[in-house]
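> Next come the chains, spelled out residue by residue.
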Amino acid sequence: MTVLRLDGVSKLFSEAAAVDRVSLEIARGEIFTLLGPSGCGKTTTLRLVAGLERPDAGEIVLRDRVVASVPRRTFVAPHKRNLGMVFQSYAIWPHMTVFENVAYPLELRGGRRVVVRERVARVLELVGLAGLETRAAILLSGGQMQRLALCRALVYEPDLLLLDEPFSNLDAKLREQMRVELKLLQRRLGVTVLFVTHDQIEALSLSDRIAVMQRGRVEQVGPPRELYDRPASAFVRDFLGQTVILRGVVKELDTMRGTVTVAMEGSLAGSTLRGRSAPDASLAAGAAAHVAIRPEDIDVTISATALPEDNALVGTIDALLFVGDRYEARVALGGEQRLLLLLPRARECREGQRLQLGFPPDLVSVWQA
Amino acid sequence: MFCSGVLAVVAFGVLFPVLLVVAESFQVAPPGQPAAYGLDGWRAALSEPGLRGALLNTFTVTFVRQLLSLPLAILIAWLLARTDLPGRHGIEFAFWAAFFLPTLTVTLSWILLLDPEYGLVNTWLARLPFVGKGPFDIYSFWGIVWVHVVTGSLTVKVILLTPAFRNMNTAFEEASYVAGATTFRTALRITVPVMAPVILSVLLLGTMVSLQTFEVEQVLGLPFRFFVFSTMVYDLLVTRVPRYDAATALAVLVLVAMLPLVFMQQWATRRRLFTTVTGQFRNQPHRLGRWRWPALLLLLGTMLVVLVVPVAFAVLGTFMKLFGFFHIADPWTLGNWKTVLTDDLFLRSLRNTLVLAVGTAVAAVLVHSLIAYIVVRTRYAGRRVLDTISWLPFTVPGIILGLALLWLFLGVHVLRPLYGTMALLVIAGLISGMPLGVQIIKSGLLQLGSELEEASRIVGASWWTTYRRIVLRLMAPTLMAVGMITFVGAARNIGNIALLATSANRPLSILQLDYIAQRKFEEAVVVACIIMFISLVGALVARFLGLRGSVG
Numbered sequence: 001m002t003v004l005r006l007d008g009v010s011k012l013f014s015e016a017a018a019v020d021r022v023s024l025e026i027a028r029g030e031i032f033t034l035l036g037p038s039g040c041g042k043t044t045t046l047r048l049v050a051g052l053e054r055p056d057a058g059e060i061v062l063r064d065r066v067v068a069s070v071p072r073r074t075f076v077a078p079h080k081r082n083l084g085m086v087f088q089s090y091a092i093w094p095h096m097t098v099f100e101n102v103a104y105p106l107e108l109r110g111g112r113r114v115v116v117r118e119r120v121a122r123v124l125e126l127v128g129l130a131g132l133e134t135r136a137a138i139l140l141s142g143g144q145m146q147r148l149a150l151c152r153a154l155v156y157e158p159d160l161l162l163l164d165e166p167f168s169n170l171d172a173k174l175r176e177q178m179r180v181e182l183k184l185l186q187r188r189l190g191v192t193v194l195f196v197t198h199d200q201i202e203a204l205s206l207s208d209r210i211a212v213m214q215r216g217r218v219e220q221v222g223p224p225r226e227l228y229d230r231p232a233s234a235f236v237r238d239f240l241g242q243t244v245i246l247r248g249v250v251k252e253l254d255t256m257r258g259t260v261t262v263a264m265e266g267s268l269a270g271s272t273l274r275g276r277s278a279p280d281a282s283l284a285a286g287a288a289a290h291v292a293i294r295p296e297d298i299d300v301t302i303s304a305t306a307l308p309e310d311n312a313l314v315g316t317i318d319a320l321l322f323v324g325d326r327y328e329a330r331v332a333l334g335g336e337q338r339l340l341l342l343l344p345r346a347r348e349c350r351e352g353q354r355l356q357l358g359f360p361p362d363l364v365s366v367w368q369a
Numbered sequence: 001m002f003c004s005g006v007l008a009v010v011a012f013g014v015l016f017p018v019l020l021v022v023a024e025s026f027q028v029a030p031p032g033q034p035a036a037y038g039l040d041g042w043r044a045a046l047s048e049p050g051l052r053g054a055l056l057n058t059f060t061v062t063f064v065r066q067l068l069s070l071p072l073a074i075l076i077a078w079l080l081a082r083t084d085l086p087g088r089h090g091i092e093f094a095f096w097a098a099f100f101l102p103t104l105t106v107t108l109s110w111i112l113l114l115d116p117e118y119g120l121v122n123t124w125l126a127r128l129p130f131v132g133k134g135p136f137d138i139y140s141f142w143g144i145v146w147v148h149v150v151t152g153s154l155t156v157k158v159i160l161l162t163p164a165f166r167n168m169n170t171a172f173e174e175a176s177y178v179a180g181a182t183t184f185r186t187a188l189r190i191t192v193p194v195m196a197p198v199i200l201s202v203l204l205l206g207t208m209v210s211l212q213t214f215e216v217e218q219v220l221g222l223p224f225r226f227f228v229f230s231t232m233v234y235d236l237l238v239t240r241v242p243r244y245d246a247a248t249a250l251a252v253l254v255l256v257a258m259l260p261l262v263f264m265q266q267w268a269t270r271r272r273l274f275t276t277v278t279g280q281f282r283n284q285p286h287r288l289g290r291w292r293w294p295a296l297l298l299l300l301g302t303m304l305v306v307l308v309v310p311v312a313f314a315v316l317g318t319f320m321k322l323f324g325f326f327h328i329a330d331p332w333t334l335g336n337w338k339t340v341l342t343d344d345l346f347l348r349s350l351r352n353t354l355v356l357a358v359g360t361a362v363a364a365v366l367v368h369s370l371i372a373y374i375v376v377r378t379r380y381a382g383r384r385v386l387d388t389i390s391w392l393p394f395t396v397p398g399i400i401l402g403l404a405l406l407w408l409f410l411g412v413h414v415l416r417p418l419y420g421t422m423a424l425l426v427i428a429g430l431i432s433g434m435p436l437g438v439q440i441i442k443s444g445l446l447q448l449g450s451e452l453e454e455a456s457r458i459v460g461a462s463w464w465t466t467y468r469r470i471v472l473r474l475m476a477p478t479l480m481a482v483g484m485i486t487f488v489g490a491a492r493n494i495g496n497i498a499l500l501a502t503s504a505n506r507p508l509s510i511l512q513l514d515y516i517a518q519r520k521f522e523e524a525v526v527v528a529c530i531i532m533f534i535s536l537v538g539a540l541v542a543r544f545l546g547l548r549g550s551v552g
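Read top to bottom, the protein sequences are chains A and B.
Residues 1 to 369 (our numbering) make up the first sequence, in order.
Residues 1 to 552 (our numbering) make up the second sequence, in order.
Everything labelled a hint here was simulated from the structure, so no lab data went into it.
Treat the hints loosely; a few may be bogus.
Claimed, not checked - Label pairs and their computed distance ranges (CB to CB):
#1 B:G449 <-> A:A16: 54 to 60 Å
#2 A:R122 <-> B:L72: 39 to 45 Å
#3 A:S233 <-> B:W293: 45 to 51 Å
#4 B:L370 <-> A:A121: 44 to 50 Å
#5 A:R113 <-> B:V262: 53 to 59 Å
#6 A:R112 <-> B:F141: 58 to 64 Å
#7 B:L72 <-> A:R109: 53 to 59 Å
#8 A:A121 <-> B:L46: 41 to 47 Å
Quick reminder that beta carbons are idealized off the backbone N, C-alpha and C, glycines included.
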């Protein structure tokens, strides 16, 4: 069942489109993430859903109810949408206690005093804030404020929970912890979540589905694995995770198997790499191409006398950085081409060592240059 | 060492005169007689009906002023800062300009409209059927309150509250909408309570200013023997056989009443830190919908009352043969301007005002920037004390400061030759302008950040070179603005210098007061208009230099 549908929604800020014809569907019970660099329109999209901004085009439907529609000239005010929202700054009302912050939305809904008390206690218990009811809200720590903001957004069982970069004000340790807590909580309550972040780790680890946004548009929608393994565009490929990119010229196309063979250039002239063709790439023999692979997918073998095998290159470690749980190795492929690899700590590595780098063909993608 | 020197001079200038006032309240011998100490002054202040009445009047006027102006100011600030009200920027600017109208000028304008006999509003209303006589009387308690509300009380609150409302983290309100509250409910339950510390702070500042009121009561209260403490002090000192002990005792009582306000104000200022949070989204104005036009009407009406009417009628008044008499045949003349502009007395006063204003402005920029720099940038142990002392004059009513300086300059032998010179008035202006000047420069320095200076030191510049080439250059607009503000303040200053001015150093502001005392309203209003003109031009220049009403 669809909880939220955006249909060609646009928002202009002084002529520039902050959100540009965005269409999305969010199913009940899923964590759906809008991911992108700052200024890509993800927060504006969230605010359009919340009703804090009015769209300039398109339609927003919440559970079969049109809440904003430019063609139909309808707009439902935010307080009539029954949404929960956690703000980036938490927006914990400083003049209220913990209890009052959470009770406020219930009071607005005309809840009886006893019921309000009971439900507030239950939701505070859920996130581990029980017993802090009478504490002044501004005396809470960052992590506690975040939990409180979550309580306040969940206590009235909204149709959709909106999260606007909720972890960005926490330190790294707490952020990881809250991530796990949030996911567990969501699985337990089954609430539908629309989550906005610029942090790919957060997006990949929390989401059921992700929409990657850039310049107001949705670049690709899909589950995290799919986006990571099969990015539909160069932007998605480079935004999510690390990518090694090598330049070359298309030598041979195998349309039957969907593979492309690329002849390397410069110092790597003579070697070839084979991989699958990227989506929408129109490649012809002789055209310039980019060969892309995730660094962790490269098969690294240490061998002093390495002769390149099929679909492999030879390189030398020219800088080795020990970063604790692993090595970061900069590998020179002869001449100007270099790439950064992560090597396990267990490996015996040293600078100047020769490596053989195997490129598994089904993990290599070939893009138009 | 240098910093301690500055602290000592500032402390001497601010604290010593006040202590002198306290000491003098126990000195009961008449002037010229050997000193004798007793409690007669205090007895008089606490028991004589006239004196006690003046004290009571001070608090009543203050209370009623605040009660009427605060809710209206909150509403206006909210409309200007948080809604899509048409023309809000222009209206905010109008309030800013109105803030700079000299109180006495505005008072004269309202006399034209609300005088019980010949006031225009009254004569118009009298023509209506069933209205025998105009119902308004400016020479009354409510007349005084009205003039106060439409001058300082309202405008200062609006220009202080509007930026504060604008800087509030919008997420507080948005969280409330999303939680299910309407705009009205959110304003009541979230916006105003979240802003409560700021509102309290502004209210306390307003109350302190109210307690210092002088010229309105001097003009409107005297005709019906209505005194507040400041006019009573003035009365005790100048018009009869001077009663220094009673006057100073009265002054000390008001100073004591100020103390809790000072502490509460400091407390409220600390509390409001949490209301502005960084990392906020763009400020999305509320849509007023069908309330747009009623709200606009309300604000335009307010502007009419606080700005348009006072300016228009002050100017109109200068062209009247008999001030306020609209009904006589051929009431208009250019004679007043001719009389005043060719009067030797006026020209001397104008020169005095210009010397006073320029001198005070220059001195203020130097002294205030020095104090601000020490407070913000150095690790000097006494910088907090210096900060507090520089703020103290705000709580000292002008008339008390004047009195204190009078004692200082008449009492200390080496300083006596300065009495009657411009230097004395400049010192008074410097001290009374100190709180605002230091605050503005301080916030400018804080925004500047210390890295810019440190970078200059690192590349090899000395402290003095850095101060000249980096700090002063970057701070130039702020310092100019402070200079302009002080210039305006000095030009219109009355309360501070009413007791200090003599015929030798009398500036325009005191000249107009003297004209009024002699019932020469025609001349007074011409002088008032000239002061208003100086004020508005100075305010515009300061605004152009980048000053905004974000102080306090």
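> Each of the hints needs a verdict: does it hold here or not?
Tested hints:
1. B:G449 <-> A:A16: 54 to 60 Å: 31 Å, violated
2. A:R122 <-> B:L72: 39 to 45 Å: 44 Å, holds
3. A:S233 <-> B:W293: 45 to 51 Å: 50 Å, holds
4. B:L370 <-> A:A121: 44 to 50 Å: 58 Å, violated
5. A:R113 <-> B:V262: 53 to 59 Å: 41 Å, violated
6. A:R112 <-> B:F141: 58 to 64 Å: 50 Å, violated
7. B:L72 <-> A:R109: 53 to 59 Å: For R109 (chain A) against L72 (chain B), whose Cβ atoms are near 33 Å apart, the range 53 to 59 Å is violated.
8. A:A121 <-> B:L46: 41 to 47 Å: 57 Å, violated
Checked against the numbered hints above, the structure violates hints 1, 4, 5, 6, 7 and 8; every other hint is satisfied.
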